[in-house]
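K.L.:
Residues per chain are reported as follows:
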Amino acid sequence: MKPTPLWRRYARLFGPDPEADVRDELRFHLECKIDELVRHGLSPEQARREAARGFGDMRALMQIGRRMGEKMERRKRLADYWTDAVQDLRYTFRTLRRDRSFAAVCVVILALAIGANVAVFSVVNTLLLRPLPFPDSNRLVWIAPPPSPCGISCATFSADAYEEFRAMNRTYQDVTGYEAFTTPDNLRLTGHGDPLPATSIMVIGNFFRVLGVKPAIGRLFTPEQASPGPHPVALLTDAYWRRQFDADPAIVGKAIDMSGTQTTIVGVLPPSFDFGAVFSPGAKVDLFTPLDLEKERNWGNIVTLIGRLKPGVTIPQALDDGNRVAPDIYQSVKRPETKGQYKDAFIPVRLKDYVTGKLRRSLIALWSAVGVVLLIACVNLSNLLLARAAARGREFAVRGALGAGRGRIVRQLLMESFVLSGAGAVLGLGLAMTLITWLAHQTSVALPLLSTLRIDTRALGWTVLVALAAAFLFGLIPGLKIASGNLQEALKDSGPGAGVGRKHQRIRSVLVVTEVALACMLLVSAGLLLRSFLKVLDVDLGFEPDHAASIQVDYDESGKTPEEAGANRMAVFGRIIERINAVPGVEAAGIVDFLPLGPNREWDTPWPQGKKPTEREWPDPLVYVVTPGFVRAMGMRLQGRDFTWADGPRGERVVLINASAARIYWPGEDAVGKILMRGDEKNHEVDRVVGVVNDVHEESVEASTGAQIYYPASQQTPDWAQLVVRTKLPPASLAPSILRALRELNPRQPAAEFRPIRTIVDHAVSPRRFFMLLVGAFAVLGLVLATLGIYGVISYSVTQQAQEIGVRMALGAGAGRIQRDVLFNTLRLATAGIILGSFASMASARLISSLLFVTSPWDSRVYAAMALLLAGVALLSGYLPARRASRIDPLRALRVQ
Amino acid sequence: MDSKLEFLRGTLDVLILKALMWGPLHGYAIADLIRRQSDDALLLEEGTLYPALWRLENKGLLAAEWGLSENNRKAKFYRLTPDGRKQLRSEVKTWEAYAAAVAKVLGASQPPLPEEIG
Numbered sequence: 000m001k002p003t004p005l006w007r008r009y010a011r012l013f014g015p016d017p018e019a020d021v022r023d024e025l026r027f028h029l030e031c032k033i034d035e036l037v038r039h040g041l042s043p044e045q046a047r048r049e050a051a052r053g054f055g056d057m058r059a060l061m062q063i064g065r066r067m068g069e070k071m072e073r074r075k076r077l078a079d080y081w082t083d084a085v086q087d088l089r090y091t092f093r094t095l096r097r098d099r100s101f102a103a104v105c106v107v108i109l110a111l112a113i114g115a116n117v118a119v120f121s122v123v124n125t126l127l128l129r130p131l132p133f134p135d136s137n138r139l140v141w142i143a144p145p146p147s148p149c150g151i152s153c154a155t156f157s158a159d160a161y162e163e164f165r166a167m168n169r170t171y172q173d174v175t176g177y178e179a180f181t182t183p184d185n186l187r188l189t190g191h192g193d194p195l196p197a198t199s200i201m202v203i204g205n206f207f208r209v210l211g212v213k214p215a216i217g218r219l220f221t222p223e224q225a226s227p228g229p230h231p232v233a234l235l236t237d238a239y240w241r242r243q244f245d246a247d248p249a250i251v252g253k254a255i256d257m258s259g260t261q262t263t264i265v266g267v268l269p270p271s272f273d274f275g276a277v278f279s280p281g282a283k284v285d286l287f288t289p290l291d292l293e294k295e296r297n298w299g300n301i302v303t304l305i306g307r308l309k310p311g312v313t314i315p316q317a318l319d320d321g322n323r324v325a326p327d328i329y330q331s332v333k334r335p336e337t338k339g340q341y342k343d344a345f346i347p348v349r350l351k352d353y354v355t356g357k358l359r360r361s362l363i364a365l366w367s368a369v370g371v372v373l374l375i376a377c378v379n380l381s382n383l384l385l386a387r388a389a390a391r392g393r394e395f396a397v398r399g400a401l402g403a404g405r406g407r408i409v410r411q412l413l414m415e416s417f418v419l420s421g422a423g424a425v426l427g428l429g430l431a432m433t434l435i436t437w438l439a440h441q442t443s444v445a446l447p448l449l450s451t452l453r454i455d456t457r458a459l460g461w462t463v464l465v466a467l468a469a470a471f472l473f474g475l476i477p478g479l480k481i482a483s484g485n486l487q488e489a490l491k492d493s494g495p496g497a498g499v500g501r502k503h504q505r506i507r508s509v510l511v512v513t514e515v516a517l518a519c520m521l522l523v524s525a526g527l528l529l530r531s532f533l534k535v536l537d538v539d540l541g542f543e544p545d546h547a548a549s550i551q552v553d554y555d556e557s558g559k560t561p562e563e564a565g566a567n568r569m570a571v572f573g574r575i576i577e578r579i580n581a582v583p584g585v586e587a588a589g590i591v592d593f594l595p596l597g598p599n600r601e602w603d604t605p606w607p608q609g610k611k612p613t614e615r616e617w618p619d620p621l622v623y624v625v626t627p628g629f630v631r632a633m634g635m636r637l638q639g640r641d642f643t644w645a646d647g648p649r650g651e652r653v654v655l656i657n658a659s660a661a662r663i664y665w666p667g668e669d670a671v672g673k674i675l676m677r678g679d680e681k682n683h684e685v686d687r688v689v690g691v692v693n694d695v696h697e698e699s700v701e702a703s704t705g706a707q708i709y710y711p712a713s714q715q716t717p718d719w720a721q722l723v724v725r726t727k728l729p730p731a732s733l734a735p736s737i738l739r740a741l742r743e744l745n746p747r748q749p750a751a752e753f754r755p756i757r758t759i760v761d762h763a764v765s766p767r768r769f770f771m772l773l774v775g776a777f778a779v780l781g782l783v784l785a786t787l788g789i790y791g792v793i794s795y796s797v798t799q800q801a802q803e804i805g806v807r808m809a810l811g812a813g814a815g816r817i818q819r820d821v822l823f824n825t826l827r828l829a830t831a832g833i834i835l836g837s838f839a840s841m842a843s844a845r846l847i848s849s850l851l852f853v854t855s856p857w858d859s860r861v862y863a864a865m866a867l868l869l870a871g872v873a874l875l876s877g878y879l880p881a882r883r884a885s886r887i888d889p890l891r892a893l894r895v896q
Numbered sequence: 000m001d002s003k004l005e006f007l008r009g010t011l012d013v014l015i016l017k018a019l020m021w022g023p024l025h026g027y028a029i030a031d032l033i034r035r036q037s038d039d040a041l042l043l044e045e046g047t048l049y050p051a052l053w054r055l056e057n058k059g060l061l062a063a064e065w066g067l068s069e070n071n072r073k074a075k076f077y078r079l080t081p082d083g084r085k086q087l088r089s090e091v092k093t094w095e096a097y098a099a100a101v102a103k104v105l106g107a108s109q110p111p112l113p114e115e116i117g
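So the sequence lines, in the order shown, correspond to chains A and B.
Quick note, the first sequence lines up with residues 0 to 896 if you use numbering that gives the first Met the number 0.
Quick note, the second sequence lines up with residues 0 to 117 if you use numbering that gives the first Met the number 0.
One or more hints might be untrue.
[Claimed, not checked] Computed spacing ranges between beta-carbons, pair by pair:
(1) A:A78 x B:G9: 22 to 30 angstroms
(2) A:D56 x B:D38: 25 to 33 angstroms
(3) B:K85 x A:G40: 38 to 46 angstroms
(4) B:N57 x A:R52: 20 to 28 angstroms
Bear in mind the hints are in silico, worked out from the structure with no lab data behind them.
These figures come from a predicted structure and were not determined experimentally.
Think of the CB as a built atom: it goes at the ideal place given N, C-alpha and C, for glycine as much as any other residue.
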């Protein structure tokens, strides 16, 4: 082989051509062969024919050659691409290492934005996207009438209704339920030192089978155990089994003493089953016992209904089925007049929607908020990269001059974005994991499924997606900017102060205005939510949650007749309250069975004396059984008189009603002294209203209240006893003496929690606080990023205009003047952003208007406050560069050139 | 031309690799070298040679480069890559072992002794 002459090297000037290659190669061979044959004496014609013979089908051969050549060419191009990419990557790392502080700032900004996004996505994923943690969970439905003022009493069903519905429906594979009227710490575990409180839920025997929960150890309730006879049984939750029984693997078959009953453990539920997470956010349940439907038959509405639809059955079909059977269902088969009482009550809702449906809007708002944070971060980074690109103009020009194509330079810039956003994503994922782990352990936040929060593959996928999108978003503008700029121009340009810089400056200003506008939108939304939250905290609950606490009291009330039991109970309660009142620091004490903002109950429909029970639809008031002193201990306002210890079991029947009830029964009149009737027209009881109390928020802090009625514990049987104590002392410091006092009277009193009433309210408003805090945090993050953006641009423009400022100062402009100009510049950017942002805010406020509480989405005070805050922060961020500008030394600035 | 031998499957590649052992050659020279080396016993048809060359190039055993031939014509020269050299060594070894085994069988004058058991 000879060295190739120069002209030959340009044979493939227009890129590789495999077809020509094959043709040339074969032609060369053919010519050599012909020459050879001619040398051996053949005529040229003969030689040509003879030579061609060996090639066979020439066309087919060339085809093969071309295809193989193309394949190789493709492979080579790919290899080149990778080599270039690796080269770019190495170069990127080198440049970023050189600019360490720049890289760190970028990565931290991205990590915060991506971390927030991934964390919120995980919450959204857990609450909205992921199915409930049960097999075939989309066939599970919650069956209840729409919400009404009479609380869960009207959302539950009687034992008879449950059994009839289960037998008559055609669309459900099976129906189950649990007893809805439990309070925490309703059992007492003895045999392990001091009696300990435990929380149990009574479930219908098939509960776990319908949900599809399999026990981790042992087995579920058998049909015989479902109607408990002499041998009570229980299933333990995984957490309780670990906490209380040290994860004893041989627990099954052992008996424990629960409130004086020997109860056999038949199994332990799996750790994945968290009753509270699905059905009662924030509640912790220790064990489950079978619900005795026989015993509960006379108790009215007691169970919630949960059904599993047959495969292929739709919600409308199940609804039709429910409406079909409802008219034939009795509340109590013994009372024919209760037939058809559950008309329109068997309304199925997907369990998932029941559990998280209410949160959908809040979650979407939250998701949008982090999206805006990410956008702000991207704009911010775009800005930083632009500033850097302007400074690196000469570097790119040199690379361009040395043969790097424009595409290559853009690719290089995008590579930097990807590296930055990759690092941000890794760090952000770490942040998100920390946040998620922390959130999953927040038992004080009453959000469903929170304990099942984790980063799953979907969240990881989201991280990658967000990181890629971010890299494109913030990398593209600087990349295009550089590519469209004239490289030669930049090379000739001797540095700052020139045309390219000015153009950059304009884009950067636009970016900053965008950033401020986005931050403004976030701030206004957060402000509106904050104002709503404050309004919620301001709601008159009807009681004083501060300086009061409650504890579940254990008591014995055996008696042959209801009157005797009532007398015994009152004696016990009387002693307890007397003893507690003697504890130093206690101002008032009383007992109630259901505390506000928790479970509640109603049991019949009273009507005022002199009217007819059928005259109108009288409300079903929520019922509370209380002792004297409760009204004062709770801090309620009373008109008339409280119950007294003289209101005995055999005395006149007395009640307290709330203001709403008084307005319904006797509009415009004083209700005190009036008579309420219960039962039916022929056979009724008579209660005298001795006092009217103010409305107490029972269901939620935000919803309005309906009718409420209070009975004395001497005349009606309470379900439990919650001792409410009013004290100026911190509850924690009072707890030991309260417990000691209770133990003196009753050694079996479990060490139940002495819970401040404020925590009940906090728990009720916790979802709103949770969302408000998160949106607030994102708004602050957005504000900080926007501030950073303003600072960056102003500071850069001061650097660029150093000479100009120097000239102006040399010509006599004072430092104050220069400073004012820079500040004015800052304010101009901020104002543009705020004006733009205010319009955007109005749009976003409309979207979140359903999340607001007694707050207008156009609340001018919020808008003004946020605009002022933004302007103030902007001025602050412009102050530093302004000061620097005013201290420029004219001589030095002029000498730089 | 009666002495022309058919190429056994798989031997073509190793012959091409061997032909390039002493330096880069173009396709015509490779065919020529094999013919002369085998005393005109092995005649390579172009329709077989070139697909084989391209395949080897594709596998990375050969590298190709355009250059000028002895008679100043533009020709595509092939040379062994390090991978090709390695491949040649291992194929020669395999071939020799195979040829020896075949020779032993064909050269036998009596049936093998019965194998000992245990």
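K.L.:
If a hint holds in the structure, say so; if it does not, say that too.
P.N.:
Outcome of the hint check:
no.	hint	result
1	A:A78 x B:G9: 22 to 30 angstroms	holds, 29 angstroms
2	A:D56 x B:D38: 25 to 33 angstroms	holds, 30 angstroms
3	B:K85 x A:G40: 38 to 46 angstroms	holds, 44 angstroms
4	B:N57 x A:R52: 20 to 28 angstroms	holds, 27 angstroms
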